[in-house]
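A.B. asks: Same order as they appear, the protein sequences are chains Z and A.
This note's numbering applies: residue 1 is where the first sequence begins, and numbers increase by one.
This note's numbering applies: residue 1 is where the second sequence begins, and numbers increase by one.
Hints listed in this document are in silico derivations from the structure and should not be mistaken for laboratory results.
Misleading hints may appear alongside valid ones.
Any copy, or any two copies together, can satisfy a pair, since identical chains are not distinguished.
Below are the EDC-like pairs computed for lysine to aspartate or glutamate, each with C-alpha atoms no more than 16 Å apart in a straight line [said to hold, decoys possible]:
#1 K196 with D35
#2 K193 with E477
#3 K503 with D141
#4 K193 with D17
#5 K196 with D178
#6 K501 with D181
#7 K501 with E167
#8 K196 with D262
#9 K187 with E428
#10 K270 with D108
#11 K446 with D35
#12 K503 with E307
#13 K196 with E304
Number of protein chains: 2
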Amino acid sequence: MNGAELLIGTAARNGVDVCFANPGTTEMPLVQAMDAMPEMRPVLGLFEGVCTGAADGFGRMAGRPAMVLLHLGPGLANGISNLHNARRARTPVFTVVGEHSTWHRPYDPPLAMNIEALAGTFSGWCRTTARAAEIPRDTADALAATLRGQISTLILPYDLQMEDAGEERSAGQPFRYDPIDVGAVGKAARMLKNAKSPVIVLGGRALHREGLMKAARVRAGCGCDLLAEAFPARMERGAGLPDVPRIPYLPEMAVDALSRYDLLVFADAKMPVSFFGYRNVPGLLATPGSEALTLAGENQDVLEALEILARELGAPSAPPEEYLARPSSFDLPTGPLNGEKICTVLAALQPEGAIVVEEAITNSLLYHPLTAGSLPFTLLTLTGGSLGQGSPCAVGAAIACPQRQVISYQADGAALYTLQALWTQAREGLNVITLICSNRSYDILKLELSRLGVFTPGPAAQRLTDLGTVDWVRVGEGMGVASVSVSTAEELAEELSRSLKEKGPRLIEMVL
Amino acid sequence: MNGAELLIGTAARNGVDVCFANPGTTEMPLVQAMDAMPEMRPVLGLFEGVCTGAADGFGRMAGRPAMVLLHLGPGLANGISNLHNARRARTPVFTVVGEHSTWHRPYDPPLAMNIEALAGTFSGWCRTTARAAEIPRDTADALAATLRGQISTLILPYDLQMEDAGEERSAGQPFRYDPIDVGAVGKAARMLKNAKSPVIVLGGRALHREGLMKAARVRAGCGCDLLAEAFPARMERGAGLPDVPRIPYLPEMAVDALSRYDLLVFADAKMPVSFFGYRNVPGLLATPGSEALTLAGENQDVLEALEILARELGAPSAPPEEYLARPSSFDLPTGPLNGEKICTVLAALQPEGAIVVEEAITNSLLYHPLTAGSLPFTLLTLTGGSLGQGSPCAVGAAIACPQRQVISYQADGAALYTLQALWTQAREGLNVITLICSNRSYDILKLELSRLGVFTPGPAAQRLTDLGTVDWVRVGEGMGVASVSVSTAEELAEELSRSLKEKGPRLIEMVL
């Protein structure tokens, strides 16, 4: 078998069955190899950021890597910002980039770039295959590395893809977590008991159902509070689950939220820091002098750590009923739309098992509190802050979970970075409802300007924050997605209800 | 003045009067500084690749840098592929990227990336400002570096933008070319006289009007042929100008075209290499054993070198009439569209002084030969091979030359990478007519597959090369550009003629 066939075969036999791709000439042998491997589903993105964001969404929901296939340095560059978001989410992603033929690269042909330098900015593992015989080993190593919640980038010269490359290999040792430090967990238990006002900050897998349930038991065992990191990669939420607030985005609010705690215990989460370093606002958000302790780090099994902690604290075997959110009853709002009304309609109508990808920025501030008692759902957020993540992420989530309803709750400015994702939603017939907050403005930047004392933007600031008119119905339909526009809460509820009964993608422009 | 004001002020006083921007929080002081500097025109792109491609188009036409303002590492990453194209075009571009506050960066906040690693892949000059007092010097150094046909990237921490930063500086020494090696030019003259079949390969400024005229005189002096590099950054063309063919894209055709020469002299051009390294096709396209000589390199004035060469050869002071293209008369084609008919209609109708940005890939093969006798125009091509360059480049060209008609001749697949450029064309009211070849396919990849012996793509290859339906009229109108669809040559001629009489952007979808 040639190198391309071995790569695709090794990936498929190790459980990689989706390839989000925007290939070019130097990837054609890999495309040809996919033709002979029906286990591998190829999904085309018309722009590389769609492919990488989709791989992020897929990995978050499936818990295993998708393959991403991109063309040389420029193709990879187009995909970097969503790989950055995936890195911050610790999503496993297997990135494969074609490179010029080994003998051709020294001529510096037009498309040549330093691919390794680009890949180094987001990859936990990166290698350029040097000889065809090394392709099976490199593929196996790359796949093994993804299982640690990393992005692996394998750079594969065109000529080597076509050479005979020996035999497939397995992906080697299955991933094993580093052992839990039982002593540290015991210490955490003692400190939690002794602290006046302790909190456990939950991140990563601690925000999945099992983690939340264990954390609620710990809460019952010691009376601590629970908080979620500000931007969870994946969080289970809704009635019957512990209602865990998120650390606020705005640093002043986060400082306030954390000021009541004298002990912070981190469960698969990092010390909270401000999104940006503002004048007169601290970068580290915890109160100076509060104690901090890490219960489980990136390579440890946070579920095991929480279980041990619960036992050490003599916690009950199930969370008390009062710690679990009760179903909310919602009064549907009426009249012209605003962020709160949109969040309320969504919280009220989103179906059980929905996957909500939230990149609505200024219009989603109330979404989290409002959904505590919604039907149980999964929330995916913008982990790395790079806009244009939501629509592609929805593509990947829908492919990972075809039976579930995906709702892509989008700011218009953010959605415009990667609007080609709508085309893939149409091509693949995905169950994605895209809700666009059309406020025709980068409102978040107006907020940032006000921090500088600018409350009435000048002509340049106005020009650079005002989006003017984008007709989302035409854009959506141009990309093949049935689209409507609404401007009142009643219309939104009606159109959302109607869309939820249909299969395939829909877009609802919400004019604010 | 604070650092941001000094940067904007220094740039403006050194002739930078356009800023293509997609800023975020860490660039707000620079936006605020632009509010107080009406000489600087801010142009918003909804996606960073639009900003960088526009700066490329602007720089090619204006001969001086535009500023590009991008947000942290992820924003820069989104702009890299068109900066790669600009680097290959040797376009001056002044890139400014905000960075986290110096004291905040060590906390590794969500948006933090290795910006210098990203910038190093395309920048001739790159620096992260370390102290506010260094902003004037760093800005001046960055601007000076652009004049060598480089991309300069200045990375500016947020806190330093707001600090007092001293005084403005001039951009230092004006740019001077390295001296011409008169001996080498004399040697070139002797070799050109003695060679059996010599050719001068023209690139860079040798393809501007003055360079072409001098090259035609040289031709008259020694009987050599003239060829243009395969993908010129900017080439003047049409009736009254020397008709210089381009080295073909397909390596077999290029090898054939170069096989008749025993001497290649490079005037601001590089040794031609194959775009990709294929099996059984040489990477270096010149015939083995042919002689090669560089007349003027990247930092030398090719116009001076050509002038000296013409004198050494005793060439006439003006090119002979027979070397200049005569006006063509075109028979307008009829019936269903194909690439040849589109090129013919365009060659016939494009007005004098048009700027044609050509990224039509498989449908533009005949455009160059057909336009030898068109009304004089300027051609901008895809220098770095990274698709999605044309529509943004048209934005920048139109802003640099508001009195000229810009025609953006686009492949649908290529246009989809950066379709947000249409929005900027609408927002700025630019005189850009976008012609979209809608063949609903990455046809170039089908060609590449046939090189691998695949003449009937399998299911994966089909899925990854077929674009299905994109309704360009809806997409264009959704972005604010008046749009129509045509499917015959008569309709195209009619709609193109109509659009040429209007101001502002237009889109014509050409269904193939």
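A.B. asks: Each hint needs a verdict: does it hold in this structure or not?
C.D. replies: Verification of the supplied hints:
no.: 1; hint: K196 with D35; verdict: neither (62 Å within a copy, 50 Å between copies)
no.: 2; hint: K193 with E477; verdict: neither (58 Å within a copy, 63 Å between copies)
no.: 3; hint: K503 with D141; verdict: neither (39 Å within a copy, 57 Å between copies)
no.: 4; hint: K193 with D17; verdict: neither (47 Å within a copy, 63 Å between copies)
no.: 5; hint: K196 with D178; verdict: neither (31 Å within a copy, 73 Å between copies)
no.: 6; hint: K501 with D181; verdict: neither (49 Å within a copy, 76 Å between copies)
no.: 7; hint: K501 with E167; verdict: neither (49 Å within a copy, 64 Å between copies)
no.: 8; hint: K196 with D262; verdict: within (7 Å within a copy, 87 Å between copies)
no.: 9; hint: K187 with E428; verdict: neither (51 Å within a copy, 63 Å between copies)
no.: 10; hint: K270 with D108; verdict: between (42 Å within a copy, 10 Å between copies)
no.: 11; hint: K446 with D35; verdict: between (50 Å within a copy, 14 Å between copies)
no.: 12; hint: K503 with E307; verdict: neither (40 Å within a copy, 69 Å between copies)
no.: 13; hint: K196 with E304; verdict: neither (26 Å within a copy, 81 Å between copies)
In terms of the numbered hints stated before, the structure departs from hints 1, 2, 3, 4, 5, 6, 7, 9, 12 and 13, listed from lowest to highest.
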